[in-house]
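Once you have looked at the hints, place chains B and C on chain A.
Protein chains in written order, with this note's numbering: chain A, 46 to 392; chain B, 46 to 392; chain C, 46 to 392.
Treat the hints as calculated values from the structure; they're not laboratory data. Any given hint could turn out to be false.
The list treats identical chains as interchangeable, and a pair is accepted whether it falls inside one copy or across any two copies.
[To be verified] The calculated lysine-lysine pairs, modelled on BS3-like cross-linking and capped at a C-alpha distance of 30 angstroms, are: (1) K246 with K56; (2) K366 with K382; (3) K386 with K56; (4) K362 with K56; (5) K246 with K386; (6) K382 with K362; (7) K246 with K294.
Listed here are the chains, written in short residue letters.
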Amino acid sequence: MKFSELVARLKAAEHSLILNAACDPHLTGVKPLEDAQAETLSYIEGEKFAAQVNTTAASALILPLDQALQTQATDRQIAWIATREPRLLFAQAIALFYQPFRPAPGIHPTAVIDPSVQLGENAAIGAHVVIQAGVILGNNLCIHPNVVIYPGVTIGDRTLLHANCVIQERTQIGSDCVIHSGAVIGSEGFGFVPIPEGWLKMEQSGYVVLEDGVEVGCNSTIDRPAVGETRIERNTKLDNLVQIGHGSKVGKNCALAAQVGLAGGAQLGDRVILGGQVGVANHSHIGDGVQAGAQAGIHGTVAPGTVVLGTPAVPYKLYLKASAIYSRLPEMHRALKQIQKQLGLGQ
Amino acid sequence: MKFSELVARLKAAEHSLILNAACDPHLTGVKPLEDAQAETLSYIEGEKFAAQVNTTAASALILPLDQALQTQATDRQIAWIATREPRLLFAQAIALFYQPFRPAPGIHPTAVIDPSVQLGENAAIGAHVVIQAGVILGNNLCIHPNVVIYPGVTIGDRTLLHANCVIQERTQIGSDCVIHSGAVIGSEGFGFVPIPEGWLKMEQSGYVVLEDGVEVGCNSTIDRPAVGETRIERNTKLDNLVQIGHGSKVGKNCALAAQVGLAGGAQLGDRVILGGQVGVANHSHIGDGVQAGAQAGIHGTVAPGTVVLGTPAVPYKLYLKASAIYSRLPEMHRALKQIQKQLGLGQ
Amino acid sequence: MKFSELVARLKAAEHSLILNAACDPHLTGVKPLEDAQAETLSYIEGEKFAAQVNTTAASALILPLDQALQTQATDRQIAWIATREPRLLFAQAIALFYQPFRPAPGIHPTAVIDPSVQLGENAAIGAHVVIQAGVILGNNLCIHPNVVIYPGVTIGDRTLLHANCVIQERTQIGSDCVIHSGAVIGSEGFGFVPIPEGWLKMEQSGYVVLEDGVEVGCNSTIDRPAVGETRIERNTKLDNLVQIGHGSKVGKNCALAAQVGLAGGAQLGDRVILGGQVGVANHSHIGDGVQAGAQAGIHGTVAPGTVVLGTPAVPYKLYLKASAIYSRLPEMHRALKQIQKQLGLGQ
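Next up, chain A with everything else stripped away, as it sits in the complex (with noise of 0.2 angstroms):
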């Protein structure tokens, strides 16, 4: 497709200018900067990648509203488009280009669907997928191979059951969810009652609701409480290997990275963001707008809009004080041996 065309279908083209009009090149994919060849179409952030707009072999170029980086792509006959977000329009014209795999509708022979499943239109469900009984399926699922849908699930229309992922019990998912391969949703609950013998198993009689939008990363898990229910709402993404424990709740629009961990009955509110291997602990309560670092340890309650990091996680910027003297300890405990010497304490 040629340049020209690409820009008039990106939605966000009317705040955008463009320039070079003479230039406009016949485009046949996307590509990272660095990677680029002619013909293809990349994007550049911000500043730092200033220097690759010198180098790139990159056709088109989508660009911040920086003048000197648009002077540098126009002098080197690069075509580009320029916005307030750049990612943004990069995600639109990937989906220009490239469409996932998705595989026609049709049921495999040997797919085993009990008799009491009632089955949307439409669906594409791959071979060996095992969906058992009381099960309702929306119109247009996808669900691939080795998939298997435990008794007493619903699913709405157009969600996307990756292979191998494992759904449970009374599990609810909305419409146009992602659960990825290996995932695991509505498993047991970890509850155990200390007993003299050991540990009592208590029955995890809930379920888990999964909200329109939701997408579930590979391999993690979601379990379900002993009674009432794990909710995620509308839309919130769940990166890779995430568990969350009974009875949370994830509000609507959060993004939780790899390797997050919510204990039972974490409690988060709206458009949380938690950075990779972020924990939770149990009963917590995160308010709307938290965003916390890679690696916090969060406990208690978190007031809303607030950016937390460490364990146990204090707001950003004293953390990030707190832990450049962390490596000053040393020499700190040293003057402090001084002092106390010079002053005639002991210890």
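Quick look at chains B and C alone, frame taken from chain A:
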């Protein structure tokens, strides 16, 4: 069931006292306190939930031995039973209303079972299960769909394997175990010896033993060692996404929360409790009854009965004091500089 | 096999010296030191295991170059061979007694293989495997049951895929790789752009490359990027539950222990060793030969050859000093207050 009937069926009832004999509601289920409706039973663990006694719609409650809470409930005409361990009694109550899904005995025609396998009685073996040569299975097993069992595995009676777990060669699993979906037991330990060309793979000729009553969470991994065994002793419970390195030994009645990782050769005593995301280094020795808070990093030896926190893990009380001061480091650093200046010391 | 025959077959034998020529026991297997019986071989890595030479029941030992240990063994009539690298020699010895389970070549009739797949020679393809359109497979592959391969994947010779792993679209896997059970390779990177309504999904049009000799642990996940590739170079080994974010590059001969997480775009050099649960932030650059201790949190740039620890990661020696003082923070804080008081300084 009537409340009075429920009370009669709870095993701990002899330690408890009942009030509101006049009030004996019909109960249809169990619910969390905040979602409880009429005709449901809920429970209260301690004082901090006191306010909810005044608002819950539950018809019956399990209460702690707290006079004030009991009076509140009586005043609201809620039937109740009081006990030292409300959570234990509630676990028993759930089991009166709820039984988890168990498929009926029988072998699904799509299961692929080697002729040399010794099948016990009454097994439920799901669709697309694969059981390889020389496997010996006990009675009353339940193997959900898409489970794969490698050669030479033995499994005791009444053990439950959830969908899509994998049991690799020579693993020995006891009776009354539960292996959750996606768990992998008996895979090769991470054994590589550095050589000039990179890494020499050390073949892992050992095996994994899970004693009776062990539970392994979803997507957890337990590796076999180069020689000898990796062993999880009786009644120990592992949560989701736990890693047990090759040659580790975990004692009896332990509980390891989600995302815990034990490096190779770690040795844990009995009744050890590790919080979420705890890491244990190679060849550590953790004594009986040790407890470690979430995200702790343990190496070396931990004395029996110790409660530890932090990385590197230190005794609980010390950690609380030190971590409280952590955020005051910038302030301490400033104070120290001021003192040094005043005394004409140092930098 | 006789001890003398074993010694003759060990490749490193020329660097070693043998004693006890008179003593040449028959050996039936390899065992860990503490469980060794008569007719078994074990090994000792260093001085700290010296006491066990006096108690082991092993008939033969691989020893370090330590005269005292050798004398102890000779005195107990244990056959032994001494070497600079006992673990390397023991790895070779194990391989003389043990070969891991490999299914015989052949394609199980329940495997579902698209007619367009190019199958190599001598493949062993297990029950319920699914291989989709356009996949190209090398010779002597071993694919265990319930593996799913999405369209457009290529796999080299002698590569081994364990049960229930998933290889997603366009992944390129080299020769002599091992993918362990439950691993997911080539899934969509966690790419979402914030928009007023929540998150816009960035399609992940890239792919994953695993070069020859790469090993990926159980339930590990390696994501493909929006554009370009995620690459793991030759002979790099990943343990279980490792997360490799989209667009990362891991160099040659690295070893990443269990539960390590690399955020998107992390760049690792060659021979990097990361301990368990290490986290690496977005777009970090880690030089050749860097080693990071367990649970380290790395961001930014780490110079080649550095050994780091802690979060945020600092050089190893500094971390040891600083963390040793961490527990003395309460004491330092008290001392500081006392000094301030004495000097009449406020806070």
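Hint-by-hint comparison with the structure:
no.	hint	verdict
1	K246 with K56	between (54 angstroms within a copy, 14 angstroms between copies)
2	K366 with K382	both (23 angstroms within a copy, 15 angstroms between copies)
3	K386 with K56	neither (70 angstroms within a copy, 61 angstroms between copies)
4	K362 with K56	neither (37 angstroms within a copy, 53 angstroms between copies)
5	K246 with K386	neither (59 angstroms within a copy, 56 angstroms between copies)
6	K382 with K362	both (29 angstroms within a copy, 21 angstroms between copies)
7	K246 with K294	both (23 angstroms within a copy, 23 angstroms between copies)
The earlier numbered hints that this structure contradicts are 3, 4, 5.
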